[in-house]
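With chain U held as given, fit chain D onto it using these hints.
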Amino acid sequence: MGMNNKTPILEIEALNTTFYRNGQALPAVREVSFSVARGEVLGLVGESGSGKSVTLRSIMGLARRYGDVSGQVRWQGRDLVPMPDRELRLIQGREIAMIFQEPMTSLNPLLTIGLQIEENLLAHTNLSRAARRDRAIEMLDLVGIPSAAQRLKDYPHQFSGGMRQRVMIAIALAANPKLLLADEPTTALDVTIQAQILDLILRLAEEMEMGVVLVTHDLGVVAQTCDNVSVMYAGRIVEQGPVRNVLREPRHPYTVGLMRSVPENLPPRTPLYSIQGVPPSLDTLPSGCAFAPRCSACVEACVQGRPDLSRVTDTRHVACFNPVIDAKGNAA
Amino acid sequence: MSDATYNPVAQNPSKWRQALRKPGFVAGLMIIGFSILLAVFPGAFAPYDPNAIDYLAVRQPPSWAHPFGTDLLGRDSLSRVIWAYQVNMQMAVFATVFALLIGVVIGALVGYYRGIADLIFGRVVDAVITFPFLVLVIAVVAVLGPGLINMYIAITVVGWVYYARLMRAEVIAQMGNDYAAAGIVMGYSDRRIIFRHLLPNAITPVIVYWMTDMALAILLGSSLGYLGLGAQPPQAEWGVLIAEGRNFISTAWWLSLMPGIAIVLTGLGFSLLGDGLADLLRPRG
Numbered sequence: 000m001g002m003n004n005k006t007p008i009l010e011i012e013a014l015n016t017t018f019y020r021n022g023q024a025l026p027a028v029r030e031v032s033f034s035v036a037r038g039e040v041l042g043l044v045g046e047s048g049s050g051k052s053v054t055l056r057s058i059m060g061l062a063r064r065y066g067d068v069s070g071q072v073r074w075q076g077r078d079l080v081p082m083p084d085r086e087l088r089l090i091q092g093r094e095i096a097m098i099f100q101e102p103m104t105s106l107n108p109l110l111t112i113g114l115q116i117e118e119n120l121l122a123h124t125n126l127s128r129a130a131r132r133d134r135a136i137e138m139l140d141l142v143g144i145p146s147a148a149q150r151l152k153d154y155p156h157q158f159s160g161g162m163r164q165r166v167m168i169a170i171a172l173a174a175n176p177k178l179l180l181a182d183e184p185t186t187a188l189d190v191t192i193q194a195q196i197l198d199l200i201l202r203l204a205e206e207m208e209m210g211v212v213l214v215t216h217d218l219g220v221v222a223q224t225c226d227n228v229s230v231m232y233a234g235r236i237v238e239q240g241p242v243r244n245v246l247r248e249p250r251h252p253y254t255v256g257l258m259r260s261v262p263e264n265l266p267p268r269t270p271l272y273s274i275q276g277v278p279p280s281l282d283t284l285p286s287g288c289a290f291a292p293r294c295s296a297c298v299e300a301c302v303q304g305r306p307d308l309s310r311v312t313d314t315r316h317v318a319c320f321n322p323v324i325d326a327k328g329n330a331a
Numbered sequence: 000m001s002d003a004t005y006n007p008v009a010q011n012p013s014k015w016r017q018a019l020r021k022p023g024f025v026a027g028l029m030i031i032g033f034s035i036l037l038a039v040f041p042g043a044f045a046p047y048d049p050n051a052i053d054y055l056a057v058r059q060p061p062s063w064a065h066p067f068g069t070d071l072l073g074r075d076s077l078s079r080v081i082w083a084y085q086v087n088m089q090m091a092v093f094a095t096v097f098a099l100l101i102g103v104v105i106g107a108l109v110g111y112y113r114g115i116a117d118l119i120f121g122r123v124v125d126a127v128i129t130f131p132f133l134v135l136v137i138a139v140v141a142v143l144g145p146g147l148i149n150m151y152i153a154i155t156v157v158g159w160v161y162y163a164r165l166m167r168a169e170v171i172a173q174m175g176n177d178y179a180a181a182g183i184v185m186g187y188s189d190r191r192i193i194f195r196h197l198l199p200n201a202i203t204p205v206i207v208y209w210m211t212d213m214a215l216a217i218l219l220g221s222s223l224g225y226l227g228l229g230a231q232p233p234q235a236e237w238g239v240l241i242a243e244g245r246n247f248i249s250t251a252w253w254l255s256l257m258p259g260i261a262i263v264l265t266g267l268g269f270s271l272l273g274d275g276l277a278d279l280l281r282p283r284g
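Listed in order, the protein sequences are those of chains U and D. Under numbering that gives the first Met the number 0, the first sequence is numbered contiguously, ending at residue 331. Under numbering that gives the first Met the number 0, the second sequence is numbered contiguously, ending at residue 284.
Just chain D, same shape as in the assembly:
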């Protein structure tokens, strides 16, 4: 730069540095980073085969050999919780990412064009948000049948509405800025204005919501697993694990408690991450 006091390169890294000074964001980053590691390489962390049955060590309380104890078939609980990361983290992504993509595109289009499409969209939103989310998802799963794929479809069918609503509102707000009008009078195509100008400026709240939604997706996925509508045993999944321990809650508390802690921890991680990203991604004026 010609100007010695002016260093634009320092601008963005300083924002990262600021974010990394916040303990919440750092904790979130570490929790989710480690969760991803466990999800991708469960075999490297789990001390036992999660499905290895040992009838000589049934419902053992936590010990050095089995830190989280063993279940009613003598399987190592720690290994099962770790292997469940694979399923549950996958849930966090697959149960949200399609809803995100569909919702962002529909929300951006509706927010840009308004008119009749917006009116119809408004009614769809009203219809969907009047129902409790879980009830709608269970209804869709009931039609499609239980299982992970059907669960993803069910959550996507309902969940895109929340993303679209957020996106629509933010696009409308962004339309108030002159750069949107400038794009129009510059003769740019609608597609270019929507996807290159409005969408990147409007997406921050959606990304932040996405983080929270991934936590909710894990919770929802485990709820469905618990109810027998999501992952099916013997697959190690936190909801399934909690359900398996349900009957022994007074005698073998660790069976349900440990996967429960995993759910809480991961959810917390996503929430903290979302909080930090909200600051980090806010566009500069």
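The shape of chain U in the complex, shown without the other chains:
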């Protein structure tokens, strides 16, 4: 399952996204690199504002409408970053699809869901009207919406949040994309529904041999669903590797902190652990490691300079001068 076992379909290299506010540059994403293979599920975790959503939006050509995007986003050999909108549109929705966090606003309230599914097919396939309708019913069936044929003419407000997210998935996957970018698809849903939606995404990813980039702040979700994980902090990837290894033996102190923050098997009324301090704001990033001010393992070097993301084992990368030592006593 490691990311080197399969040929990647999406390769991101040194992605930088900068927004501007009052003439000041805000480095939202810095030097982000990762790759996704067909059938692989990659988790992108981090706190709010760590740049995970912006990374997805940069891949999809959304971020460049509001800021500068540089670096490479190679999709099956072609770089999406400099690609003109006209060409990008043939890939968006057709080959790469994206779903959003907020199912309440991600559907157009004025169009029936049938029309909204068919619209994707109209844009990306040559199917006839009747075939589009059939495909729409098939998709609704696939995502588990009961009596699909009758519900085609229903409006989004007639669906619950979980059902809307299913509809959103049906729309996104209608044209059979090879990669799904999921921006916190379960954050707005309650816990039981979350599990159902995640299962659905995983099942469809497997059936359709689709790569998935799953943005989340929930390590539990990552543990259940992902093959590989990239941990982001203040716009940079600080740790990367196969999920099992990273979660079992985290090397970056931030990853350790994130994992300790997950409440687990604690007796009642035990105070929950939280990482001291708050993430730095993008306009006042420290010159050294961005995590240094909150880091318990901070050494002199961390304040002086910024650690690069470097390989520690065949599959693992960590950006830290003083990484956590693994169980066998090896420094990373």
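Each hint can be trusted.
Here are the computed lysine-lysine pairs in the DSBU-like style, where the Cα-Cα straight-line distance is at most 35 Å:
(1) Lys14/D - Lys152/U
(2) Lys177/U - Lys5/U
(3) Lys152/U - Lys21/D
Pairwise CB distance ranges, derived in the manner of DEER restraints:
(4) Pro267/U - Leu118/D: 56 to 66 Å
(5) Arg310/U - Gly175/D: 37 to 47 Å
(6) Thr283/U - Phe130/D: 39 to 49 Å
(7) Trp15/D - Ser127/U: 31 to 41 Å
(8) Leu19/D - Tyr65/U: 37 to 47 Å
(9) Leu280/D - Gln195/U: 32 to 42 Å
It should be emphasised that the hints constitute simulated quantities derived from the structure, not laboratory data. Every residue gets a Cβ at the ideal spot worked out from N, C-alpha and C, and that includes glycine.
Coordinates of chain D only, in the frame set by chain U:
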């Protein structure tokens, strides 16, 4: 539906039913409905030919034969007020609809693309709204010459800005919803996103403003008629009628009062209608 407690068909009619329970909306609907009827079939309601001159019945006060009295040429005032519906309702539509169409399209484009077009648009808006509306319209009419068509052109040239401003703001607000971003990442064309997704969701405030604007257009049209810059006598138009009665206000008050009441009533109708539509058209979340 598979689910017996769930009846989606009842959702929209119930909204209408709710709206129809509001007396203001119903009154507005009735006033405008009747106004349209008068405008389309004035001959069916007017008791006399509006231009028939009768020198034997000049400036008669209201009576059973002439409920609104007669004017200085003995023409029946009621018939003239009714025939004026044709002109004034036409004003409400033609003085606004082109401004609406142009404004909606420009506002939607500017709100979607922003950038340099938005900056230019911002300056145009500033320039136009700094001037009093009437002064600008009179200036345009002064250049083009008086008459209804020129008046429509003048009002459109100035009025689209107000629609565009409203539309731009609403499109920008709608852009904050994920369905707009979803449309982009789904690879839909800009045209499709703007006109099929953003515009229908953003147009409600514009429609509501349009109702008010139609009332204002009637008022403006009659003002221009009164000033001699709009409809030209002997055409029956409320502003022209009021102007004709102006010199006799102390002796033949009905000449100016009756068309005045027609203006107030129609304006009220449009405002009430707009209010009700605001509730009715609000999209559901």
